[in-house]
Amino acid sequence: MTRQLARLGRAGIQSIERLGRGHLLLLNLLAGLADLALRPTLLIKQLYAVGVLSVAIVTVSGLFVGMVLSLQGYYILSRFGAEETLGVMVAASLVRELGPVVSALLFAGRAGSALTAEIGLMKATEQLAGLEMMAVNPVKRILTPRFFAGFLSMPLLAAMFSAIGVLGGYFVGVGLLGVDGGAYWSQMQANIDLHEDIFNGVIKSFVFGWVCTWIALFQGYDCLPTSEGVSRATTRTVVHSAFAVLGLDFVLTALMFGN
Amino acid sequence: MRQSRGVEITVGLFMAIGLVALFFLAMQVSNLADLSDSEGYHITAHFDNIGGLKVKAPVTMAGVTVGRVTAIDYDKETYEAVVSMTISSHYDRIPEDSFAKIFTAGLLGEKYIGLDPGGSDLFLEEGGRISMTQSSLVLEEIIGQFLFSKAQEADSGG
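Quick mapping for you: the protein sequence lines, in order, are chains A and B. Counted the way our numbering counts, the first sequence spans residues 1 to 259. Counted the way our numbering counts, the second sequence spans residues 260 to 417.
If you're looking for bench data, these hints aren't it; they were derived computationally from the structure. If you're wondering where the values come from, they're calculated on a predicted model, not measured in any experiment. It is possible that part of the hints are untrue.
[Said to hold, decoys possible] Selected chain A positions facing chain B (Cβ under 10 Å, derived; list incomplete):
no.	residue
1	Ala91
2	Ala159
3	Leu167
4	Phe171
5	Val174
6	Leu194
Backbone N, C-alpha and C fix where the C-beta goes; we use that ideal spot for every residue, glycine too.
Using the sequences provided together with the hints, build the complete structure.
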């Protein structure tokens, strides 16, 4: 009985400790911003690794998501004779929800897992300890550029996802299914609001970029320095990021569109 | 050095494409183009019943959007709805005795306000009020009246 209680208590204490370490890491990451401003090349390199290399998967997925939305939306809307509102449906669901959320999930799978594996291996091969021995702060030198690269790339990737998705929806809806092209755009422009829809979507993607990169870096930095530890940390990154993105999406949506 | 230059160029391209996508969403997808409602003057109109009129609904003249509804209040003295509108300052020649009606776009669409110009030489200004209004058509009432009149016809005819 007492053993069970002790086990439960240990698990609770450990997860709270991990939460604390995560927040300490975040503070250190943010503290490295000043040093990062002096060395922008580090950031550019990471923007390439985190952002540019994710463009292909994000745009291709965005194209197909937009096309599927258009196809499914057309079948439902045509029953009510409301095909003209296809553009609104495609654009609203992309800009508000699917753009930020799906691109964040892809980002966690494509870039987040790579970050965790990279940092975890650096830890396992004692490169981080080596840097520390040379009086170089590994958090500032290695982790901070990656963090801000993820934070900055995410909104750009989400915007690409939504834009490509709207175009994909246009190709299927107007090109294949015969919806009026003018109505597609004009209904969209009449019903999508710059602040309410697009800015809120951008805020969402900033939040998701922040959280996904933070989780990925923390899992890498905090992993057991063994090959098994790195592999488990990589899995945890993807799982935790997906939970965090979907949960936060609900909270943000309730706050933004709830009234 | 050469390789890092290539990286810099691709990153620059990446950021440019991302910003272009954002710009595309802002300009092409959203209503930024006709959202210049920051400039304009405010008028009010009292309605018996506004139906489903909502804030931000368009105010049109001859079908052209000239402004937007900014607030909807209830006047507890006269039991009327008070609709505040911002009219773009571009459209500054709306006669004072114009007629404001609440229309529905399509059978089940959104409500909007249509203004019919009157014949006055005086034009609406900041804080002006449209006194002649026609309420929203409430579909249930119309159906009710229609059924009622049909029933009466049937009674008198039979």
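Taking the hints in turn, this is what the structure says about them:
Checking alanine 91 (chain A) against chain B by beta carbon gives a least distance of about 5 Å; that is within 10 Å, so the hint holds. The beta carbon of alanine 159 (chain A) is positioned within 10 Å of a beta carbon in chain B (closest approach about 4 Å), and the interface hint is therefore held. Interface restraint check for leucine 167 (chain A): the shortest CB-CB distance to chain B comes to about 9 Å, inside 10 Å, so the restraint holds. Given the 10 Å rule on beta carbons, the hint for phenylalanine 171 (chain A) is violated: about 15 Å separates it from the nearest Cβ of chain B.
For valine 174 (chain A), the interface hint is violated, the least distance from its beta-carbon to any beta-carbon of chain B being 14 Å, above 10 Å. Restraint check, leucine 194 (chain A) versus chain B: the minimum CB separation of about 4 Å is within 10 Å; hint holds.
The earlier numbered hints that this structure contradicts are 4, 5.
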